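Asks: If you read the sequences in order, they're chains X and F. Numbering-wise, the numbering used here comes out as the position in the first sequence, counting from 1, plus 1. Numbering-wise, the numbering used here comes out as the position in the second sequence, counting from 1, plus 13.
Derived by calculation from the structure, the hints in this document are not laboratory data. Just so we're clear, the structure is a prediction, and the values are computed from it rather than from any experiment. Treat the hints with caution; some may be incorrect.
[Claimed, not checked] Take a look, some chain F residues computed to stay more than 10 Å from chain X by CB distance:
# : residue
1 : V72
2 : R110
3 : L112
4 : E124
5 : P125
[What the hints assert, rightly or not] With a straight-line cut-off of 30 Å between C-alpha atoms, the simulated DSSO-like cross-links for lysine-lysine are:
#  : chain 1 : residue 1 : chain 2 : residue 2
6  : F       : K140      : X       : K547
7  : X       : K565      : X       : K325
8  : F       : K111      : F       : K140
9  : X       : K222      : F       : K109
10 : X       : K526      : F       : K109
11 : X       : K222      : X       : K6
12 : F       : K56       : X       : K509
13 : F       : K111      : X       : K509
14 : F       : K111      : X       : K526
15 : X       : K531      : F       : K140
Heads up, the beta-carbon is just placed ideally off N, CA and C, and yes, glycines get one too.
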Amino acid sequence: MPGPKIGVYVCHCGSNIAGKVDMDALREFAAELPDVVVSRDYKYMCSDPGQDLIKADIKEKGLERVVVASCSPRMHEPTFKRACQDAGLNPYLMEMANIREQCSWVTEDAEAATQKAKALVHSAVNKARHLEPLEDKTVPVDPKTLIVGGGIAGIEAALKIAEAGKEVYLVEREPSIGGNMAKLDKTFPTLDCAACILTPKMVSVAQHPNITLLTYSEVEKVEGYIGNFEVTIRKRARSIDEKLCNGCGTCQEKCPIKVPNEFEEGLGMRKAIYTPFPQAVPNKPVIDRENCTYYKTGKCKICERVCPPKAIRFDQEDEIITEKFGAIIVATGYQLFDPSVGPQWGYGRYDNVIHGLQFERLSNASGPTGGKILLKDGSEPEAVAILHCVGSRDTNYAEYCSRICCMTSVKFAHLVREKTNAKVYDLYMDMRTFGKQYEEFYNRVVAERDIYFIRGKGAEVMQDPETGKLLVRVEDTLLGVFREIPVDMVILNAAICPRPDSQEVAQKFGIQRSADGFFLEYHLKLEPMKTANDGVFIAGTCQAPKDIPDTVGQGAGAAAEALKVVFAGKVTVTPTTAEVSGTLCSGCRICIPLCPYNAITFDEAKGVAQVNEALCKGCGTCAASCPSGALRAKHFDNRQLYAQIEGVCAE
Amino acid sequence: MTQAGSPKSQAAAGEGWEPKVVAFLCNWCSYTGADLAGISRLKYPANLRIIRVMCSGRVSPAFVLKAFHEGADGVLVGGCHPGDCHYLEGNYKTLKRKLVFERLLEQFGIEPGRFRLEWISGGEGDKFARVAEELVKAVRELGPLGSTAERLGRADGLALRAEGGGGNA
């Protein structure tokens, strides 16, 4: 019996594939394979004319299977599935051979690459022969979106979705939203203050009827899938009644306990009952139970006595909230590189060596010095050094460029000059001023008096034993000399790093991380918000270092992704589930505990296993374990995979 | 067992022999990692050919044996790192299976060095290329897997023991 009519389409991808793999040889090879009735090659198979070739052959030659040898199916499988569907062929009758990412791009030798491409095409044709038509299924979508992280990315995404008329839950771990941006002083290149542009947005978040704001809260568990995530959130006890509290701040004034304020990066103090900063949203304090005298000794309760509306609740417990969501946006931000891991920078050893966020707090009018740039002893510095690339562009730490540090350094230089009379030495490896109006800002600051840009990496910070001044060692690569520059303050522009719990968070949301530890986008250029987990999107610096404009852009982009899901109202779920053959199943029940989704149950009446297709995600673990071959993973069944194995081994 | 343009029979193996390695990669992590190797233009031997499955848990021991039977000299199974599995725990099932399966392979006369299970994330293009390189090298050193008859001979008394064991276990 003749097999189904198969068409093979070999893509050159410009020179990406054709530059390595012999296109004519591959096309002719495919034409000779059994059941192949047409084999063509074309410069760009994904283009309209390329797709038209496939569509025309389906219609005119009555193709029953299509094999496209081109890029990764992760790239263009949807494109070619759609092309088949348009021409009336069931999209599950299309198979791809990945001869770009997994062949032409990774192979040195052209002859070996061509041979490998043949093996991959043979494998795909073999599988295609055994493919069967499948119908997509749709399931309804919960209209709510969960956003994790209340920095500028999460805030932007929340507002966009809320303004589009959809409901949002914004979950933030800290007592206030605002994230790292709330700590900043002026922002480059326009020098508007971070609070001035951020706080109106924070207030809008708190006031928007479509936004449920959960601060001091963390996501504990995520189950389900796109359109139907079930999420457990722990709302930690603030120890106050938020409805009664009017944010007057009397409790914070009277609390006798002082501890370092995390928000001030260790430069200022806060009380045990506190709001992290004056513009906090919500403007309601939390009691830090680790440091509160009452929780430690059972005595004190001063805050309770002085609270006018009687809002203090010492016995409040954590609240567990479970909610369904259609889409999730992870916008968990970054952590600054800890410069104390490199002793050469003197951070933690010398008082006046500070990192970038500490400088932001010093310079900030609501910071610990009221916006004055002062040394630890309260005096004004006479000379300040700014070091770029601390922990970034350095194979000892992070290889990547942290992207914002050149611009923040230029900004720091300007702010130091604006507020003090100190000379500024800016030690850079390369000056990367990549954004809109950035180069102009840099040029402006270069022209300012007493700012010296020195091309060279700040190698070491020492203390002059005689004068007590800090000495920064640098090789001035433009002059070709080594220099030791005496300064009073050193600002280490430390890198943006993934948060230390990023692995745990990635696992919780079923997303992956790139080698640098940041969350992995689906496609670096074309799908920067999508992740491998459908319905979970990423935004902001959890994906990679970026500045505020890019973060806001990505936050809005992630909102669009989430809206796409919730407005559609339904999602397509894969029909590539498992199924049981009732005649083959012996009822041994080995498969039942193997299923991670409890999708397999035992039909007592018939004495066989059965798969609940709504729960099955199609991993195929059951099929691999069924001793009687009764369980079949659709689209990846034994016959199809055996045929593929024969195909790759034949060449 | 031949490379394009150099048709040499296996009997004349020696110089012309090129090992074949089949890699079963899970769609979410390892296959993505292999794509990343490509996107990063890392180079690894063309001897390794990839078959996509949705989860490493789908890789039945029968697939591995089938690959060896069809002439593969080595087999790689790639899954997500523990805790990262797209299907929660498919990779653990694969790991458990591997421990039993490796003993079975030896009974078939297949050296353990020809089979490898690796956790490769979507961000580990470099790891994928390295593993491919290492496995092809290891298999090259082991030489061709040879025919079933040869294999059974190599398994010494093990084949006999299996026969004597009776039953179909």
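Asks: Please verify that the nearest CB of chain X lies beyond 10 Å from P125/F's CB.
Replies: 20 Å, holds
Asks: Given the hinted pair K56/F and K509/X, is their Cα-Cα distance within 30 Å?
Replies: 33 Å, violated
Asks: Is the hinted pair K111/F and K140/F satisfied, with a Cα-Cα distance of at most 30 Å?
Replies: 20 Å, holds
Asks: Could you let me know if the closest chain X CB is still more than 10 Å away from the CB of L112/F?
Replies: 15 Å, holds
Asks: Is it true that the CA of K531/X sits at most 30 Å from the CA of K140/F?
Replies: This hinted pair holds, its Cα atoms lying about 23 Å apart.
Asks: Does the alpha-carbon distance linking K222/X and K109/F stay inside the 30 Å limit?
Replies: The given pair, whose Cα atoms are some 26 Å apart, holds under the 30 Å limit.
Asks: Does E124/F clear chain X by more than 10 Å, comparing its Cβ with all Cβ atoms of that chain?
Replies: 18 Å, holds
Asks: Given the hint that K140/F pairs with K547/X, does the C-alpha gap stay at or below 30 Å?
Replies: 26 Å, holds
Asks: Can the restraint linking K526/X and K109/F be considered satisfied, given a maximum Cα separation of 30 Å?
Replies: 38 Å, violated
Asks: With a cut-off of 30 Å on the C-alpha distance, tell me whether K565/X and K325/X pass.
Replies: The hint holds at about 17 Å.
Asks: Report holds if the minimum CB distance from V72/F to chain X is greater than 10 Å, and violated otherwise.
Replies: 6 Å, violated
Asks: Quick one: work out the minimum CB distance from R110/F to chain X and report holds if it exceeds 10 Å, violated otherwise.
Replies: 8 Å, violated
Hints 1, 2, 10, 11, 12, 14, counting from the list given before, are not met by this structure.
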